[in-house]
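Student: Can you build the whole structure from these sequences, using the hints too?
Chain residues, written in single-letter form:
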Amino acid sequence: MNTVEEAVELTSRTCVDLAAELRRHDVPVGPEQTTALWTALHRLDGLRLRDLYWAGRVVLVGDRRHFAAFDAAFRRSVLGETDDGDTVEVPHPVAVPMVDREEQAASTPGPQPADPLEDEADEARLTPSDVRVLKHKSFAAMTAVDQRRAAALIRRLEVDLPRRRSRRRVPAARGRHLDTRGVLRAALRTDGEPIRLARRRHPWRDRPITLVVDVSGSMAPYALAVLRFAHALRRAGHDVEVFTIGIELTRITEELARPAVDAALTRISAAVHDWDGGTRLGSSMGTLVERFGGHRAVRGAVVVICSDGLDRDEPELLGDAVREVHRAAHRVLWLNPLKGDPRFEPIQRGMAAALPFVDLLLAGHDLAALEELCAALAVARRPLRTTTTSGRTA
Amino acid sequence: MPSSFRSPAEIAEGLEGIGYLADDALAMAVHLALGLDRPLLLEGANGVGKTEVASALAQLLGRDLVRLQCYEGLDATQALYDWHYARQLLDVRGGSSSSADVFTRDYLLPRPLLTALEAGDRAVLLIDEIDRADDEFEAFLLELLSDFAVTIPEIGRVAAPSPPLVVLTSNRTRDLHTALRRRCLYHWVAHPGAEREYRILRARAPHVAPELARQVADSVARIRAVVLGSPPGVGETIDWASALAMVGSATLSPQDAAATLSALIKDVDDQQRVAERMADLVPSAP
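Residue numbers (the working numbering), protein chains in the order written: chain A, 1 to 394; chain B, 395 to 680.
Don't take each hint at face value.
Stretch-level coverage of chain B by chain A, calculated; a stretch enters the list once three of its residues show a Cβ under 8 Å from a Cβ in chain A [claimed, not checked]:
hint, stretch
1, 419-429
2, 481-487
3, 556-567
4, 578-587
5, 610-620
The set of hints was computed from the structure by calculation and includes no laboratory data. Think of the CB as a built atom: it goes at the ideal place given N, C-alpha and C, for glycine as much as any other residue.
Tutor: Below you can see the structure in the form of structure tokens.
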């Protein structure tokens, strides 16, 4: 067995093989990185195995998420451990953390790209009365045909996200700040006499929107509609992050980045392992806080949680997590399909624990409810927000 | 100037000499950054000493530390260069210069990036918390990091005479672009283990008795294992050890730990969580 202090004989194959093995593990390695490693190793006298390990990791891996994949590739390519070896399992040697699984799924090609014109054809066949009926039909009651038609309508939803001032200063016709550069440029044309004072201002920026979608069994039809909505937001050029919660937290923002919504959904279903599974909302949300609490996906963002609040964790877990999210985020909205029923009371224990930290509780069970969400976001866009502090409608 | 350090071990030794304890991976990363003239990207939780790496390196290599603290809205005029508009305007109005002569090096105000470029290998450039700057600024850095040169439209291309050592740090509040990652060497700075933290305490807080330092390091390692909103960093460990030494503790007791906890944990919820488990985290002296 090799030890870390063992001397290594270096050939160019060592680097090339290691890089190739890494690519097999879906770690992006460019040729210039391979060359850099080759150069780097020549700078080390008396190359030992641990030098090769650390140098390889520092040069070839650009993200902590890929460390486990590197370990596996290193064992296989450098130490020559094979699938038969007792330390390595078949076919993916390490227990890859969740994020890496996302990466693997990302490279799996979807079955066949959906025809983008198909949706439009469906849409064209919709009469106004169809639309009216469809708008108030719960996603759970929709047939496959209804769902396709609803998808077309979802794509047409227009969203104005809440904004904030960027810290940048850009030249503008009017603004609070003097644009010294512009003043000088203008003055040079008039022999150094500053006649026109150029201005700068802080431009508006849309806040990012983060959708946290419950994919447990009871939520499946609604989750699909919300994911379509997320896809539409992304296509419209908004800054969208999407997570699924259920048994665990999965980040699916990358998977969503497909032009055709069906291809995106296929990739998402490959990446999300707890689809239709159990409900551990509290701990999934806890993971969100722990891993993304300081990330821009939560901090300063509009967070929309889509769940029926039926949770098998202790309700305090969910309450604590939503409180933390509420602290860091700009606004927290909750879509609860159960609210579509007029007799709804937020009495599910998880829902009740989270409610004090939710700015706005909406239904989100049909198209009309999604429109309501868009309207609520548009209201929050106005800089002077007078309604939002007391805006919780329970 | 080729580095005078021939192996990662020499770098680790040199850094230890000035009070920074580097592990194998970090020593290798620095060694390669110097040898390959590549920027070094350090990621890690808050307070694990990412910024310290750069200042320790500057000291070790005898170079100037040029620091660019990133923040939202940072742009080229604050990071790279700006023109001295007031002087330009006065000189043009005074008639002593025509409009063409006021865009020369004399009127240029170098900002950290340009300063570091011009200093070349006499500088260590620290681009701190790059994740706080926006995407546009990150894109702007790409030319600088791959070619160690920038283009100023009025003057032309300014290239570093020799590449400076560049250290970037990130707290992962935003996903950095792959293009940036590819140009850099990457190292994840983790919280030190109890043994290394003990050695850090001995180096950085020599007034703390060895026995106390050992107990502090062990307790902090246990505290970090508890799920906290913000786990304590190395700086806080040093503060805590100093605080304990100041109140005259010879050994760590749960009572003293509770009394001085505010030096270690800076969040009321976290403090509560630690206080509840104090008996397990800080064992009472036998």
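Student: Of all the hints numbered above, which does this structure not satisfy? Sort the numbers upward.
Tutor: 5
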